[in-house]
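Add chain B to chain A, keeping to what the hints say.
Below are the chains, spelled out letter by letter.
There are 2 protein chains.
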Amino acid sequence: MKQSQLFTRTRKDAPKDEVSKNAQLLIRAGYIHKEMAGVYSYLPLGLRVFNNIIKIIREEMNAIGGQEITMTTLQSPKVWEQTGRWNDEVIDVWFKTALKDGAEVGLGVTHEEPLTALMTEYIQSHKDLPVYVYQFQTKFRNETRAKSGIMRTREFVMKDMYSFSKSQEEFKIFYEKCAAAYKTIFERVGLGNHTFRTFASGGSFSKFSDEFQTICEAGEDTIYIHRAKNIAINKEVYNEETVKDLGVTMEEFDQAKAVEVGNIFPLGTRFSDVLDLNYKDETGKAIPVVMGSYGIGPARLMGTIVEVLSDEKGIVWPKEVAPFAVHLVSLAGDNVDVKKEADRMYELLTENGIEALYDDRDLRAGEKFADSDLIGIPLRMIVSEKSMAAGNVEIINRADGSVQRIAESKIIEFLKG
Amino acid sequence: MKQSQLFTRTRKDAPKDEVSKNAQLLIRAGYIHKEMAGVYSYLPLGLRVFNNIIKIIREEMNAIGGQEITMTTLQSPKVWEQTGRWNDEVIDVWFKTALKDGAEVGLGVTHEEPLTALMTEYIQSHKDLPVYVYQFQTKFRNETRAKSGIMRTREFVMKDMYSFSKSQEEFKIFYEKCAAAYKTIFERVGLGNHTFRTFASGGSFSKFSDEFQTICEAGEDTIYIHRAKNIAINKEVYNEETVKDLGVTMEEFDQAKAVEVGNIFPLGTRFSDVLDLNYKDETGKAIPVVMGSYGIGPARLMGTIVEVLSDEKGIVWPKEVAPFAVHLVSLAGDNVDVKKEADRMYELLTENGIEALYDDRDLRAGEKFADSDLIGIPLRMIVSEKSMAAGNVEIINRADGSVQRIAESKIIEFLKG
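First to last, the protein sequences are chains A and B. With our numbering applied, the first sequence closes on residue 417, and no number is skipped along the way. With our numbering applied, the second sequence closes on residue 417, and no number is skipped along the way.
Just so you know, the hints here were simulated from the structure itself, not pulled from any lab data. What you were told as hints is all true, and nothing was included just to trick you.
No copy labels: a pair is met if it fits in one copy or bridges any two.
Straight-line alpha carbon distances no greater than 16 angstroms define the calculated EDC-like cross-link-like pairs of lysine to aspartate or glutamate that follow:
id: 1; residue 1: LYS127; residue 2: ASP362
id: 2; residue 1: LYS2; residue 2: GLU68
id: 3; residue 1: LYS147; residue 2: ASP101
id: 4; residue 1: LYS2; residue 2: ASP128
id: 5; residue 1: LYS229; residue 2: GLU251
id: 6; residue 1: LYS100; residue 2: ASP88
id: 7; residue 1: LYS127; residue 2: GLU170
id: 8; residue 1: LYS229; residue 2: GLU252
id: 9; residue 1: LYS16; residue 2: GLU121
id: 10; residue 1: LYS127; residue 2: ASP360
id: 11; residue 1: LYS339; residue 2: ASP360
id: 12; residue 1: LYS34; residue 2: ASP17
id: 13; residue 1: LYS100; residue 2: GLU143
id: 14; residue 1: LYS340; residue 2: GLU408
id: 15; residue 1: LYS100; residue 2: GLU89
id: 16; residue 1: LYS147; residue 2: ASP17
id: 17; residue 1: LYS34; residue 2: GLU121
id: 18; residue 1: LYS2; residue 2: GLU347
id: 19; residue 1: LYS12; residue 2: GLU121
id: 20; residue 1: LYS257; residue 2: ASP221
id: 21; residue 1: LYS280; residue 2: ASP128
So that you can see chain A by itself, here it is in the shape it has in the complex:
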């Protein structure tokens, strides 16, 4: 895409009321727009990153047998009343509104209840199990506090997967499969080294659940990490007993601030019992389905990447999530030949399926470089009088600043390598 045609521009300052680093950088670089506290629109660059993250998650969910659906925001109270979760004291972040006839409806905060109810229409026999269903769907949560940029918002897309299994054993196999898929996801989005599978409280169904926590100063959680054994424990369950069960001691742990970027959670038969989700086994006996839930918020991931990987000059996107693979910067000035060469280079990249943002604007080199640093595309390719004279292009790595000069004939090979 030609940058002269992109409707967004970088800006010097974020809105004064924006206190989080991720939103400040994303707003300044033109990725998002703040509508109100905890509510952000995604602009062209931001939507590209967001969609790249969704693509990664979708591929990994499909790889473990997930079937994608989309449920609804508007929620009828009935199933939620059955599980006791319509009550604002049980779930304190409901947004509620009403139909024209006065009937109350809520905006979905999560989807265990309606999906369990839906599955009663499709699960009857042991032959119908196991099954894994997921969606990318917008949740609404009436958060009192919304000061973490896109890491905690009142309206956000969640990838929520739910598993339906015949037994605890069958459930546990998938649970570990999903944990492995989550690990792959965090690696692919560039947070692998910073993210720990973390023991967390399990609610009423099991002793523990598993959170995936990314070490991050802006995080709302505190975790304790045993680096040698790669064990992490959420503060809420960090105690002598937990640590002892793991065969280590509390002195061996470091404390760190962290962001919960994913969680996987045994639900047992809590929802199937109440909402009558049973299957018949080989003998015809009705048995409640064993469920699990598995969540990742793509926007929280996006915000965490910005918090963790950015530097003083701006954002640093990992390859798989970057809005473009290459930021092609033309330093043509008044030199028509350089402009033509940059145009030709843009065509070359496009023809070879390499997505580039092409800074074809009539600006000084310093402004273009500052913008490019702020926007954070992994590779910057510079076409200038100097590079033309040398018959190569200069390629600068955004993450480490390293510079390579690549002969024109080798560019595609280099970029695809």
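Just chain B, lined up with the frame of chain A:
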């Protein structure tokens, strides 16, 4: 995908309270699930169709220079109060709710106001124009009546595009470009022959707007069609004067029921005036931006396709929107060789990038064919003892029932042709 693994199944009956043909068929075939009146979830097959429609629209919007964004559902009253549209008497389908601190918020019914406000940050000079911005975003409308299945719902994704131009002339050029793109979209989704660009009332900004109306018995609109001249007029502006201006007479028109599948609408400077969206021309003079809006509802399109093209046996999907290109049906019974051959055929299709739903279930031929008719994939490919003996496969066209026998070695060529 193997049908034995798909969690949905066809069902004999739709819910009793479902009166619309499109929702009845889509529910029976396992495409959607009714959560409440006017609120539907999309199941795996349904989401595939929905995404195919979105892909077509996106491609055509990108082709005319559209830049994709995603705005928010939660709306702060401020900008809406400025234009007078926060008032429930002006927009009578608002859902409204409140933040924890009591501040009122609405669920977006459309996005002229917030987008105009957003664009004031990016449009300052004549050099910033024209610009075209669109999104696929969920709208909420508190409809009193919701009896048209997925054609009119309380929660639905809308593709809404907005154009920002320097002048009426510049606006009009894009308006016609978008009208042409819409025509392409309706052709690609298989409704080209049934859809008419239709004169409709223009509101306060212009004499007419343009609707795209698809002839359909379930439609809520009435239009008048002049087939020889390919002119259509919405009942609301169908009168002697309109007809005379077009150089024809009222006797030459047929009346028909129709569904509004798209509209394009001049907005003039109504929003830019109130929300201060101005640009500076070459002389530095501030001039209000001329706007237009362009809407298509992918789900309404999907419902209309079902209404218009289905037959007594079920749904008939056009090629580009079908959930799969081929419905591979194995009639193996207890014959292991036929089963192996069908498996091999499924692999062959998959390897060649042809998306197939593979009915590998252990059911009678009659049940499989009835399901296949209901689901409505364009081509059914049958592997049986008979076809194996003849060294070919039987391919049945869902739309016209025609049968072709294709030699194994020619199958891929045939399907890609």
